Structure formats: structure tokens, C-alpha cells
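Keeping their order, the protein sequence lines are chains A, B and C. If you read the first sequence in the working numbering, its first letter stands for residue 1, the second for the next number, and so on. If you read the second sequence in the working numbering, its first letter stands for residue 1001, the second for the next number, and so on. If you read the third sequence in the working numbering, its first letter stands for residue 2001, the second for the next number, and so on.
None of these hints come from the bench; they were simulated from the model. As the structure is a computational prediction, the values presented were derived from the model and not from experiment. It cannot be assumed that every hint is accurate.
As the list claims (entries may be wrong) - Just a sample of chain B residues kept apart from chain C, beta carbon distances all over 10 Å, derived: (1) Arg-1004; (2) Ala-1009; (3) Arg-1020; (4) Arg-1024; (5) Glu-1045; (6) Thr-1066; (7) Gly-1086; (8) Ala-1087; (9) Ala-1116; (10) Ser-1125.
Said to hold, decoys possible - Taking beta-carbon pairs under 8 Å as the criterion, some of the chain A residues facing chain C (in silico): (11) Val-90; (12) Asn-547; (13) Pro-788.
For every residue, glycine included, the Cβ atom is placed at its ideal position computed from N, Cα and C.
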Amino acid sequence: MKIADDVPSSLSALDRPNSYIGRSVPRPNLARLTEGRAQYVSDVTLPRMAHVAFVRSPYAHARIKAIDTAAAKKAPGVIAVVTGAELAQVITPWVGVLTHLKGIKSAPQHAIAVERACWQGEAVCAVAARTRAEAEDACEVVAVDYEELTPVTDPETALDPATPVIHASLGDNLTFERKHEAGEVDKAFAEADAVVATTFRFGRHTGVTNEPRAIVADWNPGEARLTVYQGTQAPHMMQNLFAKHLGLEEHQVRVLTKDVGGSFGIKVHTYADEMATVALAKLLKRPLKFVADRIESFVTDIHARDHRIHGKIAVKRDGTITAFEIDDLTGIGPYSVYPRTSGIEANQVVNLVGGPYKCPNYRARARVVFQNKNVMCQYRAVGHPIATSVTENLVEMAAAAIGVDAVEIRRRNLFPDDAYPCASAAGLKFEKLSHHASLDKITTMMDYAALRAEQARLRTQGIYCGIGFASFIEVTNPSAAFYGVGGARISSQDGATVRLDATGAIFVASGVTEQGQGAEAVIAQCVASAFGVPLDKVRVITGDTDNVPYGGGTWASRAAGIGGEAAWQAGKALRQNVLAVAGSILQADAKALDIRNGAVVDADTGRERLGLDEVARIAYFRPDTLPPGFQAELMATRHYVPRAWPFAFTNGIQASWLEVDIDTGFIRLLKHWCVEDCGTVINPQLVDEQVRGGVVQGIGAALFEHCVYDARGQLLNGNMADYLVPMAGEMPDIEVGHVVSPTADSELGAKGAGEAGTAGAPGCVVNAVNDALRPLGAKTITEIPLTPDVVLSALGRI
Amino acid sequence: MTERFHDIALTVNGEPVHERVDARRTLVDFLREDLALTGSHVGCEHGVCGACTVLLDGAIVRGCLTLAVQCDGARVETIEGVADSGAIADLRAAFEARNALQCGFCTPGMLLTAQALLAHGGVPSREEIRAHLSGNYCRCTGYHAIVDAVEAVARGRAGRRK
Amino acid sequence: MKPAPFGYAKARSVDDAVALLARYADAHLIAGGQSLVATLNMRLSAPRLLIDINALDELKQIACNGETLTLGALVRHAEAERSAEVARHAPLIAQALPHIAHPAIRNRGTIGGSIAYADPAAELPACLLALGGTVELAGPAGRRTVKAGDFFKGLFETALGPNEVLTAVRVPVARPDSRYGFAELARRHGDYALVGLAAAATAEGAALRDVRLAFFGVGATPVRAQTAEAALERGEDAVAALARDLQPADDVQASAAAKRHLAGVLLRRVAAQLTGTRA
């Protein structure tokens, strides 16, 4: 196995010979992917498998008066045509609320709409047919009689008395409201030398996972078992939900994730059309496949980030930030998504604004309101991009207002690196962060002084380049504080089982899941290091509820920190077990032995004593030669959950260097940097690539991505030509650096890194554009995406 | 003459194939579902994402915008055939070493498109690589590692040709 | 999204294609299919019959007779990109071709398809208009030639009759005094342009005559900015004159105001190309 770009293990405090911790080892499963032999759920076929297509409401809000399925039932290839009312006999509705979000409310949502369609694209009828094409043909001849209702499409007026209430039983369109206050906010604003107040607007986004959502459900009546192939990030969560809503026991349900063509949070939620597919499979007693096509994906994959925020910052002449205040309004869909709720993103915004700064005065209000648009829920970096953009844009606006350099204002206000443990004004508890070390590192990496000089030089030539920063904190390794305390059956603990096989190889089953970030590789590295074998001897499986320990899956950047720690502990435990067997075979003290590079050795000298294959042979095939009363245990399971800290916060800082064409309003990204402190880095290359991918997703938000709705709740740009995702031609090279502040809450000390890139990128790109345009007297831009219209307006050119 | 269903005869990865297809069947659906060659992927069905890229008579095309029925008499190659042939061994190795793929869904299309660029010879600049790959959507990597991999392979091949 | 069902026939000749179009209602020609199959996949279009003309070798020639360059309708964008004759005799088209989508699309998409489809944000219709080229059509009444200025009539609407086949486009070859300019603004490489400009002129000393400015992405068809053309010929500020020529509408990517402004920016840049000066 070739190892690329070895990084010295000075990144890790762990001291094991031949440790893989801190090494950029290539992922073991890549050859399969590059030769086209992956198996995504969209590739899965089963005998007699049929296909589902859905009739979807063209209206944002409409009563379903009647559905005539007669013609569709007779269409070629059709097996069944099923309405919401019929399917409600098989599957119960759900409500997306959790008890720790005080006052959150939502209405029951059915797998297929029963009386009313509440967003354009909501499924109102299902057709199962031999082929997807035939199912779509039949959908066209299902006759639905709709009565259009007034849609609620403006969050600003959603709570006005004159606006229709989407769910009468709820009384109003308010999903959730949260307020927070700390310190003396009004006094701080009154005594400030400068106050910047502005309104931020963030365009609604969606994930556009390359592989759309796909599910294959197989109900075997003979076994009374439901097998579901679903590219979900949380298979145990889905196992519980399928069982619960179909009236099954959990052990009757098996969920397999297979390879997943991208998720980023899109595939961690419960979707009505996927639940409908599973319910239909049970009803029809044959395997059923649903793959959301791209047009469907735009109107059904969860959207995110639709916020309007009034933000204020107070600052003294000496650069001290004395207060932050926000009022956040976010318009979700007609239902809070299940089971994680659509209140979490706004909750995170309240939690995270001002997070990197020691300013003690903070006031926040967030309101989440229902809309007749597609549902909204957690998507990569949940709330962080919003909170970071608001915070970092306000900070640089304040710096400009008092004439202080953007780096300098951060130096004066970021939590000092020796301040820990401490808490933010929002009440977030920090174990150990490194804002200043990270700031020092990024200014060195980008040669900040030289870049400012270059910027000045180019300005004399009429070329307007900008530099922008974004400091950020990121929630990772969540404890039960995130979901469990609210009553959700979403596990915050995780487990790993390791087994020594008959020829000396190691098999690992982990409760976290893989969507391409390299979770399986990281798990393998932890086990190989803790146990003592070369990496090519380790095989990891994930994503199978029948065959892995009960776990939470992968989300909130928990796979390395939590899944990795469980794997590390399991590796250690198995090592002890194997050394006990070896000691017994060798008549030696197990404590004087070690396992290194696949063999049992003398711990002192490293002299090889016994191969692992030999240990296995004796334990499995010649136990008669072991001492009486001694039982070899060549398998070990360990679990881990963070207990000391509700979240393992990470921190970092990003910088963007770009050029604005002031004639066209087009932005050219020249370079991007990110310094990330995610604690112990298990695989530097995988972390850096997560950061890069996350940065580009954030750049997509800053420049391109926007789900555009009209006043009637119609999505105007729901296709790949009109919804712009970042492509290679416009993206910069991205340089990543690290500072390492391990967490003491685990032996590995690893925190998460999956979302950091997305958290900081939008804020620093906006800061860079404003920095570029400031000398021209342009209006400060506080909305994304930064289209040519937005830039030209700010410049007063249109 | 104007029917829906037609017999087609073509070669796919060097193997002769005879099938009867519905005229509306796209090439990528034909490959994936009729021939179980699932290495080519469907990401958008409007020709924008590039996940369905295959070779038709030696040229890269969108499998979602080509009808199977139009491929009668044609030579089709997919990632499975091209990978097995060894023609992109260096490209695959470079992608794997640099983690220029994460979920792998865009990868077959990305590899075939990169190979088409590299077949021109020479060492394209990073801008040229980015421009050539600008029709292949990747959500995972952010493209930097992909550009690194293609650049490295171009240098490697140019070095070998001396 | 899977297309609605349709029948399929392979035309054996241009006359055969014309006859099939006449015989079957709701029939559609398919050449490269790069626009058509996408609309079929989305069920935006559901013809009952597709008539495949890809086998018609008579439509694949690139030929120059000294005055005119003829591009057969089935010449693929990629072939035209590689053609030395196109580079030499129609440099404006050569300059535009790399902007069309991406290599995989250009390997199948055809010159004739692009002209016949007439997407208002497409490059080639504007190039044809700027060059003052012509379109060759074959129909039940025989062959006819239509000038570019008369061909593009409305949104996705051309002079191509329901039973006609576009067989070739013809453009005047570049001469030593020919001047060309091309620029487009797209959010991402290969996207349809927000605004674009294909321009041709004849140099007369330091001045320009026969200026032809064909904007795309600013209306239902490519638009000749005739007031701006006249201003350029007189050596006056053409950008101010442009306001009379273009009335773009808002779309999802850019507002009308932005498009008007960007058209002016492109005009300045392309005018510099025409005169050989720096913008």
C-alpha cells in the first residue's frame, strides 16, 4: 500500500509503534470506485423489483378534492396506484418536534398527502410499475382535482393576522421561537463608539447530491422481515422509524446503506416519498425501488439556509467589540422535518453568533415560520454558515467603521488561547480552542502583508482585489445534548466490534457510516494502530443494522471523533485479549508482549514471538492445546460517547483573495486558505479534502446557489441549468493548514472536521468582496448569492 | 420502420451485444439496467452533471442524452472496460493517491473526461484542466485534488514520451 | 425523468426525412440530440415519432468555394472546432465554438441543430447573424435559402417549416479586411451566456464599415444592434446608442437592467477587438 504525503506524527500525542494516527494513508476502498464497481443504492436490483413514481402537486397549497386513478391502473406495466388515504392504512403519520426546543410545534405529515398538498412537489399519489418509465406514463393519466388555496410564501408576513394559517390546529404559522440574552446589551450599544446595523439575506439552498436519493424496500412476508437499502447517514435511526410507523418490531427491520453518492446531511432526514416507498413495498409484497430524479430532488430534497437576519454590532474606538445582537427570521416548509426538527438550524444560529469572541453582551431572537415551500432541515454545517457570515461580516464592517485592520480587530477580540475552559455569551462551553494561533498561521500562509501590498498596487491600476476573513467555531462530536435529550431515538454513542480472523486478518464492524469522507478508512487506521497490524490486514464494514454495533451513523462531524474512539478502544481491547492467548501459548507474561506489524513480539526488544495467524490457528482449531479453564476471546466490542463536553468545539479561520470586475460585477476567486483546528488529525489528507470540499460548497452558497421561489410558491429554477452549483472552472486552489488542540474527552483526542469548510467560506468571500469595493464607495453587500446584479447594484452601476 | 421497439447490435467494452430496446431508452439506462454495467451513473438526465459520460465510437458523450437505439453498429466503452484495459491505470492511481474522489459518483465520468484531455498530449495548465473538466460536477472534493491528479498524470505521460 | 413513448425511424436521405415529416404528424428530427433529448427526458416535449438523420453523409461536409464556407447541418461542434477550414475561413465561428457547453456535448451537438433550435442564449445563431450567413432548407416544395436575418423569428421559433430539414449553413469567407469580435459573459464556463456578442465588420483604414453586432441572451432571438452599429461606423459612442436597440427581460440569472449594462460592457470590449485596440 503506497502512502502519499506522509505527515510526521508530531500531529499526534499517541505513541504506538507503526501507528497510522496522523498519516495520510490512501483509503482502502478506492480501487472499487475508480473502476466503476461501486454499489450505490441506485444500482441495486432485486428479483421482481418494481419501480415507484409519484404524482406531485403543481400547486404550493391546494385541497385535494378527488383523485381518479382508473385510467392509471389500466396503463401498461402498472402494478398499483395508491393514494395518500389508502397508504395511511399501512403507515402512520409523524410530527417533527423535540422536547428540548421549547414550544416547537408542527402538524402530522403523511407519507403521501391525504387531504391537502402543502408545497409544490409534495406527492399526492403513487404509481408502482414494472419500469420507472411506465410508472411515469401512468402518473400522467392520474386525474387529480385540486382546489387551489392561498399559499404562504413570505416569511415577513407569515405571522400577520391576515395571513392564512397553514395548519389551523396549530393556531398560527410559528414553528419555534427562541430568545437569548446575556450581559448588558442595551448599555453596550448606548456606550459604543460605533454601531453597525444591517440586514442580512441568505438564499435558500439545496444539497444537489450527485447521486439522488434512492431507496429499495423489500418486505418478505415469509420471514416477516423488511430489508431497506437506503443511502442514509443514520441507518439505526431509520430502522427505528420504519418499524415504528409500519407497526413492526425493530428487529424485523434491516437497513443497508451500500455506497452513497454524496449526502452532506440531505440523506439523514425522513422523506415522505421514501417512507411511502417502504409502505408500498409492504403493501404490495414485492421489492420496490424509488430513485428521485433530479427535477424531483429540487422540490423534495430538504432545502436549507433561508434566513433574513437583522444584525447589530457595537464597537469601541480601541477596537473592542462590546455587543452583538441578531433578529433571525427563517421560513421553512409546511412541516418541521422528522425526527431532527426544522428548529435546529435557527437554534444553532442563536448559539453560534459571536462564538469566537470574548464579548459578553449578546441578544438574539430567532423565529421559524411555516411556508408553503419545500421542507427545510439540517444541511452541512447547519446554521454555522449563517452565524459565521453574520458575525464575521459585522466584525469587518465594524473594523472598517473605526478604521482598524481586519486582522487587528480579531486580535483584540478573539478568545485568548489561554482562556480555556470558558463559555461564550451564548452559553457554549469551550474546552480548548486556538483562535489566535490559527490567525497567526493563516496570516503567515497567505503572507498577509504582501497580499495587502499587492492589493494596493493593483488598485492603482484600476484592478479591485479584496481580502476577507472568517473566524469560526464548529460543533462536532455531539453528545446526547443535541437530540437525545429532546426525546429523539438518535444515538449519540457509537460502537465498534473487532475480530481476529482465522488467518490473522482483522474484521471491523462500526456503527458510523461512509458517504465518501473516508469514515471507513479512519476507522481502519484507528484499529490498525490500536491493535498493531498493517492497514492492509484490516477490513471495515459499516451501514448494516444487522451486522454493526448500535450506533448513530455519521452526521455533525462525529465519525472520526466518536466512531474512531470506539474503534480505538475496541482495537486496544482485542489486543489485550490476543496477548492473553499468546501469553498462554508462549507461557509468557502477556504484559511483556505487544502486537506490532501483525505479529506478537517481546515488548522490550520487538523480537517476533508468534504470528497472528498462528494465534488464530490455535485458538480456533487447536483450543485443546490451551490451558484448562482458559477461553480465547478473539473478538471485542467497545462503545464510546463524549461525556465531559456537550460538543467538542473546533475552531478555524478562512481567508479569501479575489478580484471583482467592476464593469461586469463578476467575481474571480484567486485563492482560498483555511486553518483548521480539529484536534488530533487521524488522516491529514482526508481532513484537508473534507475542508476543501466544504469550502467549495460554501463558495457555492456565496456566489451561485439559490432556490428561487415566486409569490405563488413555485420553484422557478429547479434544474441543473438554472440552479448553479460550483464547477471546476470557477473554483480556486485551496490551501489548508492545521493547529492541533486535542480534546481530553477521548484518548485519541480527535474532534470533527467535516463541516468547517462550509461554515466559514461564505462569510469570508462576502468580506473579501466588500473589501475590494470599499474604496469605490460601494454599498456594503449583505446578501448572498453574490450575483452580478448584487455587485452591480452595490456599485451603483444599475 | 416507425415502431417503438428496435433491435440493436453494438459492441460494449469489446463484447458484442444484441438487444431489443424501447426507442426512448437512453444509452446510460441501457448500459446500467439492460447490461448491468452500473459504473456509469445518472445524476441529472439533462446533460449537465457529466456522471453519465461514456465513450461512443471513441469520443466522450453524455449517456443520458444519447438514445440506445442510436447506437446500433456503434462501439461503446464504459468505465468498466476502460479501467480493465489498463489505459487509465496512471490516472486511477493518481486519483487514489491524492483522494481526488470521495463518494466516487462523479469519478467514472471525471476519469473518462480527464483521459480525453490527456489524449491530446502535452501538459495542460491548471486553468485548462479546470476548463476541460467544467462539465463534470463534483460535490465532494472541491476539484483541487482532481486538478492535482490530472496535472501530475499529464506531467508523467509527457515525461515518459521523451 | 424518462421520456414519453415515441416511435423511431432512421432517415435514409434528406428526401426520405422530408417525406417522413410530411407523412407523420407530431414527428421531430433528431440529430445530435443534446437539446432535444434533455427536453424529452423532462417531458417538455413529447413527439410521437423521432426521425434520426445522423446517417445522412450528405449533410456532413465542410466545403469552401472561395467565396462561401458551407457547413453541413450534421457537422459536430467538435469537428468544426478541429477544422482548419473553419479556423481560416470563419474565425468568428471558431472563436465561439469553445464556449458551447462542454466537450462531451460538442462531440454530439451539431451546427444545424444549434441553428434550428435557436436558443436565444446560444452562440452560433448570433454568429450566423453577425456574418450575414444563410440557411439551406429542404422541404416538400424543394430546396430554399433563407438569410440569417429572416431565419430567427421568435422564442425557439425559426423559418424552418414543420416538414423541412435544415441541410446546411453558409457564411461568407473571411477576407484580409474582415474584422471579428466575440465575447460572452457566463456565470460558469460552458453555461448559456447571460449576455453575448458576436460581431463582424470590414476595416476601411482606421474606420469600420458594414458593422454587424449580433447580441445573444438579450431577447427571444439574436438581436442586431443597428443603432449601435451605425454609431460605431461613425466612430461615435456606441454604448449610449445601444439603449435603443436592446430591450432584454428579467430572467432567473440576471435582471433586465444588468443585461443592458453588461451588453454595454461587451460592446466596449468587442469594439476594441474589431478595431484591434485595447479595451
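Legend entry - Cβ separation check - Ala-1009 of chain B to all of chain C, threshold 10 Å: Answer for Ala-1009 of chain B: holds, closest chain C Cβ roughly 14 Å.
Inset, instruction - Report holds or violated for the interface hint on Val-90 of chain A, using the least CB-CB distance to chain C and a cut-off of 8 Å. - result: violated (27 Å)
Inset, instruction - Identify whether the interface hint at Pro-788 of chain A stands, where standing means a beta carbon of chain C within less than 8 Å of its own. - result: holds (6 Å)
Legend entry - Distance rule for Glu-1045 of chain B, whose beta carbon must clear each one in chain C by more than 10 Å: Violated, since 5 Å does not exceed 10 Å.
Legend entry - Least C-beta distance between Ala-1116 of chain B and chain C, which was stated to exceed 10 Å: violated (6 Å)
Legend entry - Closest CB of chain C to the CB of Gly-1086 of chain B still more than 10 Å away: Gly-1086 of chain B clear of chain C: closest Cβ-Cβ about 23 Å, beyond 10 Å.
Legend entry - Non-interface claim for Ser-1125 of chain B versus chain C (Cβ beyond 10 Å): Ser-1125 of chain B is indeed farther than 10 Å from all Cβ atoms of chain C, at 14 Å.
Inset, instruction - Confirm or reject the statement that Ala-1087 of chain B sits farther than 10 Å, beta carbon to beta carbon, from all of chain C. - result: holds (18 Å)
Legend entry - Status of Arg-1004 of chain B, Cβ more than 10 Å from any chain C Cβ: Arg-1004 of chain B is in fact no farther than 10 Å from some Cβ atom of chain C, at 6 Å.
Legend entry - Status of Arg-1020 of chain B, Cβ more than 10 Å from any chain C Cβ: holds (12 Å)
Inset, instruction - May I ask you to check that Arg-1024 of chain B keeps its beta-carbon over 10 Å from the closest beta-carbon of chain C? - result: Arg-1024 of chain B is in fact no farther than 10 Å from some Cβ atom of chain C, at 4 Å.
Legend entry - Asn-547 of chain A as an interface hint toward chain C, with CB separation required under 8 Å: Cβ of Asn-547 of chain A sits 35 Å from chain C, so the hint is violated.
In summary, the structure is inconsistent with hints 1, 4, 5, 6, 9, 11, 12 from the numbered list given earlier, while agreeing with the others.
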